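Take these sequences, add in the hints, and give me the full structure.
Protein sequences appear in the order of chains S and Y. For the first sequence, numbering that gives the first Met the number 0 gives the first residue as 0, with consecutive numbering after it. For the second sequence, numbering that gives the first Met the number 0 gives the first residue as 0, with consecutive numbering after it.
These aren't lab readings, by the way, just hints derived from the structure by calculation. Since this is a predicted model, take the numbers as computed values, not measurements. From the three backbone atoms N, C-alpha and C, an ideal C-beta is built for every residue, glycine too. Wrong hints could be hidden among the right ones.
[Stated by the list, open to error] Not everything, but these chain S residues come out facing chain Y in the computed CB check (under 10 angstroms):
no.	residue
1	30
2	112
3	141
4	240
5	294
6	298
7	304
8	308
So the chains spell out like this:
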Amino acid sequence: MPDAVALYRTIRLIRRFEERAIELVRSGDIVGGVHPYLGQEAIATGVCAALRPDDVITSTHRGHGHVLAKGADPARMMAELAGRVTGLNRGRGGSMHAADFSLGILGANAIVGAAGAIACGAAWAGMLAGSDRVAVTFFGDGAVNQGVLLEAMNLAALRRLPVLFVCENNGYATTMPTAGAVAGTITGRAAAFGIPASTVDGMDVSVVLDAAREAVERARAGAGPTMLECLTYRFDAHHTFEHRVRLRYRDDADVAAGRSRDPMQIQGARLDPDERTRIDVAVETVLDEAVRFALASDHPDPAGALDHLYASGLRARPGVA
Amino acid sequence: MPILSYLKALGRALGDELAADERVCVFGEDIRVGVANVTNGLLKRFGPDRVVDMPISEQAFTSFATGAALAGRRPVLEFQIPSLLFLVFEQIANQAHKFPLMTGGQAAVPVTYLVPSSGSRTGWAGQHSDHPYSLFAHVGVKTVVPATPTDAYGLFRAAIQDDDPVVVFAPAAAMGVREDVDYATLVPVPLGVARVHRPGTDVTVVAVGHLVQTALSVAEELADEISVEVFDPRTLYPFDWTGLAASLDRTGRLVVIDDSNRSCGIGAEVLATAAEQMRLVAPPKRVTRPDGAVLPFALALDQALQPSRDQLLTAVRAVAKGG
Ligand SMILES: Cc1ncc(C[n+]2csc(CCOP(=O)(O)OP(=O)(O)O)c2C)c(N)n1
Ligand SMILES: [Mg+2]
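In structure tokens:
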């Protein structure tokens, strides 16, 4: 099991990866922008620390943290964001679809609420194959009002699937405050299906890890799904387009209050300061190399734009005869 | 004269309809703040009973709009991304569209579905870059794809005034188009009437949405060589077949440029109807996305799958020589 140092290292890696990615959005090397995971690092870190390599996860539009915490190579991840052939998805997926099936990362997903049911199906297949592997699905507070996610919870409870539903409640869905969109409670949705659910501090990685461990053990033991609602705050923009167009939905006081508890500082304070500095330096080296690798990699050849469209190898007709 | 952008035209049309008819209301996500830049300021003008911010529950609020329409309102829905139309396809194609016939004419469902920024948004990858207008034409839901600010204003207003469901696609690549206009001349544009942007005598190019600008630039480049007529259907369903027949009576040659997938796209329908019923002196051509296209993330790949100016140029030359 990971120690305090390893947990800090992952949080730090995600934090700095995101900051470097934002720089590459600004320089134009990453096209289309990103949804930064800044402020939410403890959730991906704590949950993935409770997993085995063969466990699977599904992620969201705000997915970099989950993908990195599950073990993806930061260099190939950065190359994916920059749309290069060396990227995790060969430059075909980008920020919102990053996946590494060899590590159980079934992909970020650009449609809110869409991945929960996918995780359930993967969990069911694992169960039938005799494995005790667990599936985790991450989603935001905005996703709890999508019908398909609620349908997935029903299926998970009905079949006692080894699934962990992790809601990252960061207070907003784009500009919509959670209170303006969610009737009842988020955990109440799980409770309605008989799924045990708890709300935990998503800023403290040790709290997240403890809660995730318990849920994962339950799932592995065949006791069925659990929901964790992790309370957190999005430190930066909904999407980097907000760096250009200022949207008025949370004022400076709200942002300052939300940022007052920082998962990186909370975990960092538990380390010896020298050790912390050593990790920070090591993470920077990894990310320097990741950026160098990404920007030195080739762009994909447009002649292969239709490659991988069909798993069977079917070649689609082009758009002109 | 003042300059009107496509995006501003949409916002203006919506504001004018809200002001003109108190049954009109707007539903969508983040429309209070105006993330898509269409609804800015409307909450202040019309209040929260007319400009209603919704949770991320597209299926529910799409049929919610149907219910409100059955009870006398005229809702306009804004969708943040084009592929959300896949999510609500049941609510539009199987519910809203079917009510008038299934109820023996008792019901009308005057709902407008607006997609600001349809098609590729450069770098938004597989699940945010679709352009599913042909799907709605296929099931027979009224479908408009305006190409210019004036038409965006006029068609959007006409869509809201229409008694049937209408889907309005505002292509991302058209959003930046600007036009000098006298605001007093802005009026609703009837659905089902095409517009010839440039008359010609050799080849008719049917261009959909943002591709009208591409067709105009190709027509200009070929001006000394081939006289190209640029035909903008504006409404894909119902299609202005009479207008197209008149154009082909003049030219007898046809190229369609359409940002749909090739198989069963609107381009296929235009070629088929022209072949069945209209004057063609040479085999027609279409320039589309490939069959089954999923736009890859990397920019060069994304662009490689969209119908291009070069492909259109080549197709027009080939059709001009053919027959
Ligand atoms: C079904 C669906 N509706 C709308 C969108 C557009 N959209 C992308 S992210 C987002 C907000 C999501 O909020 P939340 O689930 O709380 O996640 P967060 O962005 O806060 O991490 C919206 C509305 C989408 N991608 N999918
Ligand atoms: Mg949120």
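Hints and how they fare:
1. This hint holds: residue 30(S) has a C-beta 4 angstroms from the nearest C-beta of chain Y, less than the 10 angstroms allowed.
2. Restraint check, residue 112(S) versus chain Y: the minimum CB separation of about 7 angstroms is within 10 angstroms; hint holds.
3. Because the smallest distance between the Cβ of residue 141(S) and any Cβ of chain Y comes to about 4 angstroms, under 10 angstroms, the interface hint for this residue holds.
4. Evaluation of the residue 240(S) hint against chain Y yields a held restraint, the C-beta minimum of about 9 angstroms falling below 10 angstroms.
5. The beta carbon of residue 294(S) comes no nearer than 14 angstroms to any beta carbon in chain Y, farther than 10 angstroms, and the hint placing it at the interface is violated.
6. For the restraint placing residue 298(S) at the interface with chain Y, the shortest Cβ-Cβ distance is roughly 6 angstroms, inside the 10 angstroms limit, so the hint holds.
7. Interface hint at residue 304(S): satisfied, since its Cβ lies 4 angstroms from the closest Cβ of chain Y, which is below the 10 angstroms cut-off.
8. Taking 10 angstroms as the C-beta cut-off, the interface hint given for residue 308(S) holds, the closest approach to chain Y being about 6 angstroms.
Of the numbered hints stated above, the single one contradicted by the structure is hint 5.
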